[in-house]
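Colleague: Letter by letter, the chains look like this.
Protein chains: 2
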Amino acid sequence: MRRVKYRRKNRGYSAVEALVDAQKIVFSPMIFQTIGTMLDLGILKLIDKKPISANLIMEELQISEYAVNTVLESAQVFGVVDCDKEGLFSVTKLGKSFLYDQMTIVNFNFIRNCCYLGASEMTESFLREKPMGLKKFYKDGDTLYPLLPQMSEIFKKSWYEFDNYYSDNCFEEVYNIIASQHPEKFFDIGGNTGGFEKVCLVKNPNIDISMLDLKANIEVVSKNSQLKKCKFYSVNMLEEEPNLPKISGAVLMSQFLDCFSKAQIKRILENIKKSADKETKVYILEPFTDNQYFEASKLSLIEISLYFTCMANGNSKMYKKSEMIQLVKDAGLEVSNIYENIGTHEYTLLECSL
Amino acid sequence: MRRVKYRRKNRGYSAVEALVDAQKIVFSPMIFQTIGTMLDLGILKLIDKKPISANLIMEELQISEYAVNTVLESAQVFGVVDCDKEGLFSVTKLGKSFLYDQMTIVNFNFIRNCCYLGASEMTESFLREKPMGLKKFYKDGDTLYPLLPQMSEIFKKSWYEFDNYYSDNCFEEVYNIIASQHPEKFFDIGGNTGGFEKVCLVKNPNIDISMLDLKANIEVVSKNSQLKKCKFYSVNMLEEEPNLPKISGAVLMSQFLDCFSKAQIKRILENIKKSADKETKVYILEPFTDNQYFEASKLSLIEISLYFTCMANGNSKMYKKSEMIQLVKDAGLEVSNIYENIGTHEYTLLECSL
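Here the protein sequences line up with chains A and B, keeping their order. Under my numbering, think of the first position of the first sequence as 189, with each following residue one higher. Under my numbering, think of the first position of the second sequence as 189, with each following residue one higher.
Just so you know, not all the hints are guaranteed correct.
[Stated by the list, open to error] Below 20 Å or equal to it, Euclidean Cα-Cα: the simulated EDC-like pairs (lysine to aspartate or glutamate) are: (1) B/K454 <-> A/E539; (2) B/K469 <-> B/D330; (3) B/K509 <-> A/E253; (4) B/K508 <-> A/D478; (5) A/K508 <-> A/E539; (6) A/K233 <-> A/D270; (7) B/K508 <-> A/E274; (8) B/K462 <-> B/E372; (9) B/K273 <-> A/E539; (10) B/K324 <-> A/E312; (11) A/K509 <-> B/D328; (12) A/K327 <-> A/E312; (13) A/K509 <-> B/E247; (14) A/K450 <-> B/E247; (15) A/K238 <-> A/D228; (16) B/K284 <-> A/E253; (17) B/K273 <-> A/E511; (18) B/K434 <-> B/E458.
[What the hints assert, rightly or not] Label-pair ranges, simulated between beta-carbon atoms: (19) B/K327 <-> A/K327: 43 to 49 Å; (20) B/E407 <-> A/Y201: 45 to 51 Å; (21) A/N529 <-> B/L244: 57 to 63 Å; (22) B/K327 <-> A/Y201: 38 to 44 Å; (23) B/Q414 <-> A/E253: 37 to 43 Å.
What the hints contain is simulated information worked out from the structure, not anything from laboratory work. In this text, a Cβ means the ideal position worked out from N, Cα and C, and glycines have one as well.
The shape of chain A in the complex, shown without the other chains:
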């Protein structure tokens, strides 16, 4: 008896268990879409109120027996819902994530509405170093960014919710760290919707702050009345010699460099160095894949790399801390300080000196 136990314990991960996990991956597109359907039809929400039979779900939501049984079976075998001996369905902890956990909801909508179809073009995207998934939305282009305004409302909503969800809660902490060094000027490269600028202007209405971004975005964001005191510069950082203003004080790039390939990151840092005075500090805010406390966050970040591959630009990814530090060095800058655990999602702020 003891021997059996010993063998069982040391058997580890069996071939049969591996086969179950393999089928879970194989059929994951089905459970992924099943959850979407249960949310669309209100099934998951209804079950969550109290345990309820399949018949009552049909009645209350006016959905066919076929639909209710098929999605419930799919969800049950993946542990998203549970069924007791009386045939009453309830939502498991796993299922509740899709109803109540904001991170899960934001991630799910982003993958479902912005990435699912395009992910089918992964191999081609790698081979051509272009986001071939854009085709699936009847668009063709080198990157998603200029096409974003033409995307469907649901695409844009899910994209912006995802984009804003993570970094926004870092900005106050980042402002405090940078401001403690009393730079005369602030430059935010890739300012996006101006989230950091808004925080800075609330903290210090007299701040000298400039936002640099692509022309199309500057045209939109510069009209925001909350950003009246902000200066704007249209710059394409990917140009060989971008039209950068004279830079001094502090430069922030928040979740910006992960939108570029390693070669491009090096060039961007080199160009900043050329346009900046010697005392300038360059701050890089990133969620690094190897610096996450929670497994769920690490997994999310690593898989998001493939959004860049298939949908965004075909050549960027979420990086490791060690990779980014190497790129900073390669560009001739020096990491002078590292701030960890910024915000609620384990962001890292690299402070770099010229």
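Based on the hints, put chain B in the right spot on chain A.
Modeller: Same frame as chain A, but now just chain B:
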């Protein structure tokens, strides 16, 4: 100390664990396609030969650093590949399933090439009771079946490999069971590629066997020289009064009824009853979802239901044994015998009397 242990043990599945599992589902389209890319590019196969560094993979396969790192990280965080302290990558047991386990390979190709895109139309498919996923292949139709010849070669290859993989190894056993009752005639309804007919004709060259199927299929399969001695009937079983021949002896429906809704199954069985003499036995061969020994098989069958929803006909599914027995009774037939564990995939053969 003891108390902590006790609490830990009884804590069960924690909220944090649920969040990890939720992100695994959220990002599953990414790992699903990552595996496809690793197979396309030969990465998984190369790693499996012996543990190898990312640099060597780039060299040997002439793939960019970006592609290799991005897919390896994605595969590693899902446990498909492993990386040792020297940075050498190897394939895990889970990863090996995609290289060596025929069931996993057949399932994966089927979901990837025939179902992935269409699954995005799941909600609409349920609401309209039509396989709206067909749109994703630039086809429109009530069911997949007549459109199958127009699908791409990779679609057809994956579809037929999947279709044949499971039931083909049951036929000899099924023949033996039916033949032991010495029926004068055999009728195979929904004979597909004629797999059962071929087994019967080998076992008994003088057998009186008829195959019934849709006209388009009969036109193709009747040309098969191995089936020269088989009789063929073009029948659409969904018609109110299908043009059935006079039936006697044994009728087999192998993995046929799961292609129909409950109401359609009842009608099909009623129509067979009308055309058959009293001594006829009707055999239903199905892999029932509630009669599987392996969790992987149960999971696979249940998720395959959603292929019917999104891609095949919008209204059928894999059934439970209890559901099928109820339908047999509802149609006025009687289950007179049940044969379990048929073939290598836990099929059930229901023998029904009129």
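Colleague: All hints are to be evaluated individually against the structure, with a verdict given for each.
Modeller: How the hints compare with the structure:
For the hint pairing B/K454 with A/E539, the CA-to-CA distance comes to about 72 Å; that exceeds 20 Å, so the pair is violated. With a C-alpha separation of about 32 Å, the suggested pair B/K469 and B/D330 falls outside the 20 Å cut-off, and the hint is violated. Straight-line distance between C-alpha atoms of B/K509 and A/E253 comes to about 17 Å, which keeps the hinted pair within the 20 Å bound. A threshold of 20 Å between alpha carbons decides the hint, and for B/K508 with A/D478 the separation of about 46 Å lies outside it, so the pair is violated.
Using a Cα cut-off of 20 Å, the hinted pair A/K508 and A/E539 holds, with the two alpha carbons roughly 16 Å apart. Restraint check: the Cα-Cα separation between A/K233 and A/D270 comes to about 14 Å, which is no more than 20 Å; the hinted pair holds. For the given pair, B/K508 sits about 17 Å from A/E274 by alpha-carbon distance, which is consistent with the 20 Å threshold. The straight-line distance between the Cα atoms of B/K462 and B/E372 is roughly 19 Å, inside the 20 Å bound, and the hint therefore holds.
Note on B/K273 and A/E539: the hinted pairing is violated, with a Cα-Cα distance of about 29 Å set against a maximum of 20 Å. Taking the CA atoms of B/K324 and A/E312, the gap is near 18 Å; set against the 20 Å cutoff, the hint holds. The straight-line distance between the Cα atoms of A/K509 and B/D328 is roughly 49 Å, outside the 20 Å bound, and the hint therefore fails. For the given pair, A/K327 sits about 16 Å from A/E312 by alpha-carbon distance, which is consistent with the 20 Å threshold.
Restraint check: the Cα-Cα separation between A/K509 and B/E247 comes to about 25 Å, which exceeds 20 Å; the hinted pair is violated. Between A/K450 and B/E247 the CA atoms are separated by roughly 19 Å; this keeps the pair inside 20 Å, and the hint holds. Note on A/K238 and A/D228: the hinted pairing holds, with a Cα-Cα distance of about 19 Å set against a maximum of 20 Å. At most 20 Å may separate the alpha-carbon atoms for a hinted pair to count; B/K284 and A/E253 exceed this at roughly 39 Å.
As the CA atoms of B/K273 and A/E511 are separated by approximately 17 Å, the hinted pair is consistent with the 20 Å bound. For the suggested pair B/K434 and B/E458, the alpha carbons sit about 14 Å apart, so the restraint of at most 20 Å is met. In this structure the hint that B/K327 and A/K327 lie 43 to 49 Å apart at CB is violated, the actual value being about 22 Å. A C-beta distance of roughly 50 Å is found between B/E407 and A/Y201, which places it inside the suggested range of 45 to 51 Å.
A beta carbon spacing of about 36 Å between A/N529 and B/L244 contradicts the range 57 to 63 Å that was offered as a hint. Between B/K327 and A/Y201, the C-beta spacing of about 42 Å keeps the proposed range 38 to 44 Å intact. For B/Q414 paired with A/E253, a C-beta distance near 42 Å keeps the hint of 37 to 43 Å intact.
Of the hints listed earlier, those the structure fails to meet are numbers 1, 2, 4, 9, 11, 13, 16, 19, 21, in rising order.
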